[in-house]
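Peer 1: Listed here are the chains, written in short residue letters.
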Amino acid sequence: MSALRPNWQALAALVATLYSLTALPFTAGMSAPYSLAVAAILIAGACLSMLRLPSGVEALVLMVASFAAAALLIAGLAEATGTATAGYFASLTAAWLLAWRLVTVLSGDGRSKGQGFGLVSITVPVLFGIWVLILWECIVRGAGIPFVLLPPPSAIGVRIGNSLPILAADFRQTVLKAVLFGYVVGSLSGFLVAILADRFRFFANGLLPIGNMVSALPMIGIAPIMVIWFGFDWQSKAAVVVVMTFFPMLVNTLAGLAASGDMERDLMRTYGASHWQVLMKLRLQAAMPFIFNALKINSTLALIGAIVAEFFGTPVVGMGFRISTEVGRMNLDMVWAEIALAAVVGSLFYGALALLERTVTFWHPSYRR
Amino acid sequence: MSGGSFLRDRLAPVGSILLVILIAWYIAAYALNAPFQRDFDRRTDVTRTGAEFLLATMSQPKPTMPAPHQVAENLWTNTLTVKPWSKRSLVYHSWITLSATLLGFAMGTALGVAIAIGIVHVPALDRSLLPWIITSQTIPILAVAPMIIVLLSAVGVTGLLPKALISTYLSFFPVAVGMVKGLRSPDVLHLDLMRTYSASKMQLLWKLRIPASVPFFFTSMKVAIAASLIGAIVGELPTGAVAGIGSKLLAGSYYSQTIDIFAALIAGSIVAILLVSLVGILGRLVNARMGARQA
Numbered sequence: 033m034s035a036l037r038p039n040w041q042a043l044a045a046l047v048a049t050l051y052s053l054t055a056l057p058f059t060a061g062m063s064a065p066y067s068l069a070v071a072a073i074l075i076a077g078a079c080l081s082m083l084r085l086p087s088g089v090e091a092l093v094l095m096v097a098s099f100a101a102a103a104l105l106i107a108g109l110a111e112a113t114g115t116a117t118a119g120y121f122a123s124l125t126a127a128w129l130l131a132w133r134l135v136t137v138l139s140g141d142g143r144s145k146g147q148g149f150g151l152v153s154i155t156v157p158v159l160f161g162i163w164v165l166i167l168w169e170c171i172v173r174g175a176g177i178p179f180v181l182l183p184p185p186s187a188i189g190v191r192i193g194n195s196l197p198i199l200a201a202d203f204r205q206t207v208l209k210a211v212l213f214g215y216v217v218g219s220l221s222g223f224l225v226a227i228l229a230d231r232f233r234f235f236a237n238g239l240l241p242i243g244n245m246v247s248a249l250p251m252i253g254i255a256p257i258m259v260i261w262f263g264f265d266w267q268s269k270a271a272v273v274v275v276m277t278f279f280p281m282l283v284n285t286l287a288g289l290a291a292s293g294d295m296e297r298d299l300m301r302t303y304g305a306s307h308w309q310v311l312m313k314l315r316l317q318a319a320m321p322f323i324f325n326a327l328k329i330n331s332t333l334a335l336i337g338a339i340v341a342e343f344f345g346t347p348v349v350g351m352g353f354r355i356s357t358e359v360g361r362m363n364l365d366m367v368w369a370e371i372a373l374a375a376v377v378g379s380l381f382y383g384a385l386a387l388l389e390r391t392v393t394f395w396h397p398s399y400r401r
Numbered sequence: 589m590s591g592g593s594f595l596r597d598r599l600a601p602v603g604s605i606l607l608v609i610l611i612a613w614y615i616a617a618y619a620l621n622a623p624f625q626r627d628f629d630r631r632t633d634v635t636r637t638g639a640e641f642l643l644a645t646m647s648q649p650k651p652t653m654p655a656p657h658q659v660a661e662n663l664w665t666n667t668l669t670v671k672p673w674s675k676r677s678l679v680y681h682s683w684i685t686l687s688a689t690l691l692g693f694a695m696g697t698a699l700g701v702a703i704a705i706g707i708v709h710v711p712a713l714d715r716s717l718l719p720w721i722i723t724s725q726t727i728p729i730l731a732v733a734p735m736i737i738v739l740l741s742a743v744g745v746t747g748l749l750p751k752a753l754i755s756t757y758l759s760f761f762p763v764a765v766g767m768v769k770g771l772r773s774p775d776v777l778h779l780d781l782m783r784t785y786s787a788s789k790m791q792l793l794w795k796l797r798i799p800a801s802v803p804f805f806f807t808s809m810k811v812a813i814a815a816s817l818i819g820a821i822v823g824e825l826p827t828g829a830v831a832g833i834g835s836k837l838l839a840g841s842y843y844s845q846t847i848d849i850f851a852a853l854i855a856g857s858i859v860a861i862l863l864v865s866l867v868g869i870l871g872r873l874v875n876a877r878m879g880a881r882q883a
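Line by line, the protein sequences are chains A and B.
Each residue of the first sequence is one higher than the one before, counting from 33 in this note's numbering.
Each residue of the second sequence is one higher than the one before, counting from 589 in this note's numbering.
These are computed hints drawn from the structure, not numbers from a lab.
A portion of the hints provided could be inaccurate.
[Unchecked claim] Keeping only pairs whose Cα atoms sit at most 25 Å apart, straight-line, the calculated DSS-like set for lysine-lysine is:
id, chain 1, residue 1, chain 2, residue 2
1, A, Lys-328, A, Lys-313
2, B, Lys-810, A, Lys-328
3, B, Lys-650, A, Lys-328
[What the hints assert, rightly or not] One side only, chain B facing chain A, incomplete, derived with CB under 10 Å:
id, residue
4, Ala-600
5, Arg-715
6, Trp-720
7, Ser-724
8, Thr-846
9, Ala-852
Glycine residues also receive a C-beta, built at the ideal position from the N, C-alpha and C atoms.
Let's have the full structure, built from the sequences with the hints guiding it.
Peer 2: Below you can see the structure in the form of structure tokens.
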């Protein structure tokens with residue numbers, strides 16, 4: 033057993049760093065010693081990661097090396113936008129490769145699958161997200177991509193900080209009024225119609241194929257009609273959301289109500305349970321995974337429906353309105369700020385539903401340890 | 589559907605519900621159009637009998653709610669009585685949307701399969717990429733569509749590709765998730781058998797994983813092609829109403845031509861149904877040919 037354990041990411045990082053030394057300094061704002069310091073950190077990190085270290089130590093070394101190099105590289109761009117040389121991008125690549133190695137170490141090379149659930153399963157995707165932002169920032173500012181094309185994340189962050197009142201107003205208009213109302217009404221009515229349809233076999237047989245078909249249709253197209261009917265304010269957006277969320281809920285609830293097994297249903301019959309007792313105690317419980325599936329699909333559909341409906345006419349507030357007007361004015365940072373807001377809202381919405389699902393359907397095989 | 593007849597279990601219930609929808613549509617058309625018609629008649633000093641009034645609500649040029657026969661008539665004139673390549677023809681607009689849909693769908697499916705193969709083979713990708721792919725779908729990406737279109741046209745990319753890119757984004761996700769499931773679906777027994785044959789990773793992929801994933805592939809493609817059509821339609825909204833079903837919707841909303849909007853919607857729905865059933869039929873044929881179970 034040698035003390036060395038070569039891995040391709042570290043080797044590639046070494047090669048990239050050595051290449052970067054041919055193009056010193058990296059940017060107009062970085063002096064030659066400064067650039068050399070970055071290269072030294074990268075080489076040290078790459079070399080150390082090839083030693084046979086405990087994986088915890090290796091991860092720590094890699095994390096320090098990759099993030100220190102990235103921080104220096106970003107700092108080196110100050111007042112030197114668009115002056116990055118090939119060396120700059122080579123060392124950026126090297127830092128990214130070290131981060132990849134870090135993720136590989138944390139994932140345990142696939143050997144310890146299913147273990148280390150808690151911390152690692154959060155850290156790895158977070159690292160990935162941070163690196164997407166770092167690469168975005170460095171490439172956009174390093175290569176001097178025009179602001180109107182793609183603003184760097186730092187500028188978007190500044191914009192978010194500066195326009196919190198506008199974002200809050202848009203959030204209130206689009207999410208709290210249109211999305212929430214439409215989502216609740218659409219999902220609830222889909223659910224109730226499914227329960228009623230289930231009582232009468234004939235009704236359910238007819239609704240299921242129609243609902244399946246309608247779910248595949250571009251329902252977003254009703255937005256202009258709803259704007260004509262219900263006016264420019266949030267009511268028309270809520271109506272679009274109601275129509276878009278109704279059918280997925282209907283179809284999934286109907287499918288879920290058919291999900292309980294014959295054995296269980298026969299058991300309920302031997303107990304002399306009435307239709308409603310079977311429904312409440314057995315079939316609705318069995319339908320819960322399907323219902324939550326619909327709720328999750330609907331959470332995305334509701335946001336999309338409300339935002340796209342605002343493209344067709346709206347009062348001067350709302351996320352869709354802001355996106356379409358700021359695109360026209362080439363204020364791309366504001367557009368990205370709205371997108372970030374939408375992403376956070378969408379993810380929180382989805383995350384809350386997933387959490388709720390876990391507590392309601394704790395018995396489902398996919399949550400068993 | 590064992591034991592039941594097609595007529596009793598499918599045709600009769602579906603048919604009667606469609607009939608109920610049609611009747612409800614006519615009633616809604618009357619209810620929504622009546623106030624305007626009453627107002628209009630009062631101002632032009634026309635008195636009508638009940639039946640005449642009913643007919644008048646069904647034949648307004650710009651009704652609040654067009655009656656089904658008005659939409660059908662509009663569809664008829666705009667598909668069958670004009671040349672398919674004229675700008676008035678819905679066939680022409682559907683074709684524009686369809687071409688973007690298909691291009692985006694093809695790119696999205698290829699991307700989804702590539703990502704799935706990567707995720708199945710590289711554990712680091714599985715851990716880092718999969719959560720973000722799922723998160724990416726909670727982002728209302730359609731909201732970004734206008735920006736992508738405007739940006740790409742600023743760079744000089746116009747026409748089919750920007751719309752197709754939005755379709756790609758929407759359609760890669762179902763394929764990627766479905767294929768990850770499908771590529772992991774072979775039993776441990778089968779995987780072990782392949783290992784006793786000393787199969788390489790490539791052989792394992794081609795001879796076991798990909799054949800096993802075919803049912804999953806077609807199921808997710810059905811979702812993907814519907815999503816991809818939606819992407820193409822929304823992608824057409826900000827292009828300044830040149831051509832396509834989305835631009836028809838936008839033009840209709842500018843001029844309050846509800847009949848046109850409904851006709852465009854129905855054209856889009858027909859395209860959606862055709863595409864989904866085409867993928868479904870293809871899937872059934874391939875599955876039957878390969879002797880696979882339905883996923």
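Peer 1: Next step is simple, just say for each hint if it's right about the structure.
Peer 2: Verification of the hints:
no.: 1; hint: A:Lys-328 to A:Lys-313; verdict: holds (23 Å)
no.: 2; hint: B:Lys-810 to A:Lys-328; verdict: holds (19 Å)
no.: 3; hint: B:Lys-650 to A:Lys-328; verdict: violated (38 Å)
no.: 4; hint: Ala-600; verdict: holds (8 Å)
no.: 5; hint: Arg-715; verdict: holds (4 Å)
no.: 6; hint: Trp-720; verdict: holds (6 Å)
no.: 7; hint: Ser-724; verdict: holds (9 Å)
no.: 8; hint: Thr-846; verdict: holds (6 Å)
no.: 9; hint: Ala-852; verdict: holds (7 Å)
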